[in-house]
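There are 2 protein chains.
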Amino acid sequence: MADNFNKTDVNELGEFGLIDRLTQEFVTENPSTHKGIGDDAAVLKMGEKALLVSTDMLIEGIHFDLMYTPLKHLGYKSVVVNLSDIYAMNGQPKQITLSIAISSKYTVEALEEFYEGVFLACKNYKVDLIGGDTTSSPKGMSISVTAIGEADLEKVVYRSGAKPGDILCATGNFGAAYLGLQILEREKQIYLSNPGIQPDLENQDYIVGRQLRPEAGRQTIGYFEKHGFRPTAMIDVSDGLTSDLFHICRQSGVGAYIEEGKVPIHPDTEKMALQFNMDPITAALNGGEDYELLFSIDPSDLEHVRYMPGVFIIGEITKADDGIKLHTTGGNIHDMQAQGWNHFKNNNPSKDN
Amino acid sequence: MADNFNKTDVNELGEFGLIDRLTQEFVTENPSTHKGIGDDAAVLKMGEKALLVSTDMLIEGIHFDLMYTPLKHLGYKSVVVNLSDIYAMNGQPKQITLSIAISSKYTVEALEEFYEGVFLACKNYKVDLIGGDTTSSPKGMSISVTAIGEADLEKVVYRSGAKPGDILCATGNFGAAYLGLQILEREKQIYLSNPGIQPDLENQDYIVGRQLRPEAGRQTIGYFEKHGFRPTAMIDVSDGLTSDLFHICRQSGVGAYIEEGKVPIHPDTEKMALQFNMDPITAALNGGEDYELLFSIDPSDLEHVRYMPGVFIIGEITKADDGIKLHTTGGNIHDMQAQGWNHFKNNNPSKDN
Chain A
0 MADNFNKTDV NELGEFGLID RLTQEFVTEN PSTHKGIGDD AAVLKMGEKA
50 LLVSTDMLIE GIHFDLMYTP LKHLGYKSVV VNLSDIYAMN GQPKQITLSI
100 AISSKYTVEA LEEFYEGVFL ACKNYKVDLI GGDTTSSPKG MSISVTAIGE
150 ADLEKVVYRS GAKPGDILCA TGNFGAAYLG LQILEREKQI YLSNPGIQPD
200 LENQDYIVGR QLRPEAGRQT IGYFEKHGFR PTAMIDVSDG LTSDLFHICR
250 QSGVGAYIEE GKVPIHPDTE KMALQFNMDP ITAALNGGED YELLFSIDPS
300 DLEHVRYMPG VFIIGEITKA DDGIKLHTTG GNIHDMQAQG WNHFKNNNPS
350 KDN
Chain B
0 MADNFNKTDV NELGEFGLID RLTQEFVTEN PSTHKGIGDD AAVLKMGEKA
50 LLVSTDMLIE GIHFDLMYTP LKHLGYKSVV VNLSDIYAMN GQPKQITLSI
100 AISSKYTVEA LEEFYEGVFL ACKNYKVDLI GGDTTSSPKG MSISVTAIGE
150 ADLEKVVYRS GAKPGDILCA TGNFGAAYLG LQILEREKQI YLSNPGIQPD
200 LENQDYIVGR QLRPEAGRQT IGYFEKHGFR PTAMIDVSDG LTSDLFHICR
250 QSGVGAYIEE GKVPIHPDTE KMALQFNMDP ITAALNGGED YELLFSIDPS
300 DLEHVRYMPG VFIIGEITKA DDGIKLHTTG GNIHDMQAQG WNHFKNNNPS
350 KDN
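For the record, the sequence lines run as chains A and B. The first sequence: position 342 = 341 (this note's numbering), numbered continuously. The second sequence: position 353 = 352 (this note's numbering), numbered continuously.
Honestly, the hints are just simulated from the structure, not real lab data. Certain hints may be false.
No distinction is drawn between identical chains; accordingly, a pair holds when it is met within one copy or between any pair of copies.
No farther apart than 25 Å at their CA atoms in a straight line, the calculated lysine-lysine pairs in the BS3-like style are these [claimed, not checked]:
# : residue 1 : residue 2
1 : Lys-261   : Lys-34
2 : Lys-34    : Lys-122
3 : Lys-71    : Lys-225
4 : Lys-44    : Lys-34
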């Protein structure tokens with residue numbers, strides 16, 4: 000009984016608190032380890048070159064639901080979300096390893112469908128599958144991907160380089176993947192209560208596609224290279240625009256503001272948010288899984304981004320004391336709150352063994 | 000219903016057949032991808048240097064049982080089994096990433112215990128933990144580790160370099176980890192039928208330790224380096240001595256024989272095998288999880304291995320036509336059968352969802 004005193008529930012810490020606590024005392028020792036835990040990818044030093052390494056785990060019932068996720072899309076997404084982390088370091092992904100554990104309810108044909116998506120992502124992003132592990136699982140599916148990328152060491156962009164006065168930019172648009180998930184969940188519930196009803200996904204291609212089959216920021220990185228400049232800090236938006244801005248601010252020791260009216264939101268996202276009685280900006284700021292790039296640039300590079308296709312200037316980096324603020328279209332200034340995903344809190348303990 | 004025609008059960012193929020089938024059409028394209036799927040680790044070319052990458056997934060209920068696996072040992076083993084793959088390429092592991100998915104039944108303190116083992120392995124093998132993912136799981140624990148190592152490109156040893164006349168060598172001893180598992184499973188069953196009985200693990204430290212907390216072949220690699228030679232082919236024995244010899248033979252296009260009397264078996268393994276009514280050589284040849292190194296050397300390097308500590312000459316590489324044979328102590332010659340682990344077959348479908 001006394002054993003249960005001083006025990007900490009993993010829910011209390013959340014993912015980032017947990018990683019911090021578990022790894023706080025770990026010191027890296029090898030000279031080739033240039034940057035360890037704490038950015039989108041680790042950086043290994045190979046002469047003048049940097050090798051970038053990033054890894055992610057996707058668990059059935061937490062990160063995906065096979066009731067509405069085609070296996071081919073799942074394979075594609077498993078790869079892309081990892082490549083996104085390499086691009087976020089201003090690197091080019093080159094290789095991946097992929098491990099999958101599956102229960103024996105899956106047929107070889109189902110696995111082949113999954114790998115079709117994996118191979119398509121590899122082809123589209125010019126990445127090689129170099130290894131992995133295929134094993135069984137008593138229940139459900141677990142996927143683990145490690146992506147390896149390359150960059151010139153001096154061109155690597157970290158979360159920590161933003162400074163007051165830098166301009167805050169974002170690619171693409173936000174909130175679509177989150178609303179795509181809401182639609183899929185809604186149709187699942189309808190189907191579960193009445194299997195005779197066909198899912199109503201008409202005209203939802205765009206936002207459902209953003210959830211099921213995201214793409215990563217290759218073109219953005221190519222543009223930086225072509226125009227000979229690079230961001231001062233960068234992150235890929237997986238947890239949510241606000242949450243990922245908080246990562247940049249914390250690791251750069253700065254504040255920031257975002258102008259509400261400048262946050263790009265797709266018309267379909269806007270329409271669907273209203274259907275769900277949600278303010279579109281809330282979905283855009285907190286939704287997550289956009290896999291867009293959020294970055295800051297030195298003001299002297301402003302001319303480069305002003306005409307950069309699909310890139311929006313959404314705010315500015317400020318001093319740490321100024322906090323992290325939202326300038327609303329109504330003229331108010333609010334403190335932003337990082338919500339992001341907390342898988343531990345989302346997880347229903349009653350499902351547990 | 001027609002959907003179920005032509006479906007292939009994953010059980011029918013087994014792990015290796017499955018990987019072969021899934022990846023057979025995949026072609027690598029990046030010039031830095033020197034060797035992809037099919038060896039203990041992938042090889043990336045970085046100038047004159049090789050970067051070695053290996054990954055493994057460990058699933059609760061398949062690869063480990065938390066009823067008798069202390070979390071610290073599990074953390075240690077998760078790292079070591081991956082380092083073993085890097086040593087098997089004649090490389091030095093330098094970094095790992097580690098992802099873990101856990102259900103919320105685990106406390107932060109339990110996770111810290113797991114990471115204690117991870118950090119101890121990192122310290123013992125001088126390896127840096129550079130990244131990973133911590134997420135929740137609806138049920139059970141999944142662990143994925145990717146190990147990264149370095150070697151001179153020309154010194155990398157593949158499974159494919161063995162040639163007839165080469166001498167077949169092995170480090171350490173075989174069968175202990177398998178019998179350790181049998182003891183733990185037996186004590187678990189006794190405990191389940193009568194929780195009042197304490198487990199009887201006395202005098203089983205060695206073989207139980209080989210199962211719960213294996214070590215990898217760092218010293219062997221160091222010896223090769225120090226004495227300026229290298230094997231013609233090498234593999235780490237995870238699937239079982241026979242099964243892993245088959246990998247070398249298949250990939251080198253050769254045959255081989257093992258002399259039964261030369262296979263090193265620890266006295267405790269021998270004793271315990273007899274208690275389980277098992278021929279010790281059967282446990283040694285098919286047990287698996289030994290994490291010893293099996294390698295072939297050119298006869299001109301014989302003087303180097305003759306006095307190599309903990310290394311045994313167990314047979315010879317022959318022509319492919321000669322097959323893969325066991326020369327028994329009784330003077331007979333048998334065809335060897337690769338059994339190895341087939342997790343898919345071991346998995347009980349009734350446990351499935």
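Okay, the hints, checked on the actual structure:
In this assembly of identical chains, Lys-261 and Lys-34 lie within 25 Å of each other by CA distance neither inside one copy nor across copies; the values are 33 Å within and 47 Å between. When the C-alpha separation of Lys-34 and Lys-122 is checked against a cutoff of 25 Å, the pair qualifies only between copies, where the shortest distance is 18 Å, while the shortest distance within a copy is 29 Å. Proximity of Lys-71 and Lys-225 under a CA criterion of 25 Å is satisfied in neither setting, with 33 Å inside one chain copy and 49 Å between copies. For the identical chains of this complex, Lys-44 and Lys-34 are neighbours both inside a copy (9 Å) and across copies (21 Å), given an alpha-carbon limit of 25 Å.
Hints 1 and 3 from the list above are not met by this structure, while the remaining hints are.
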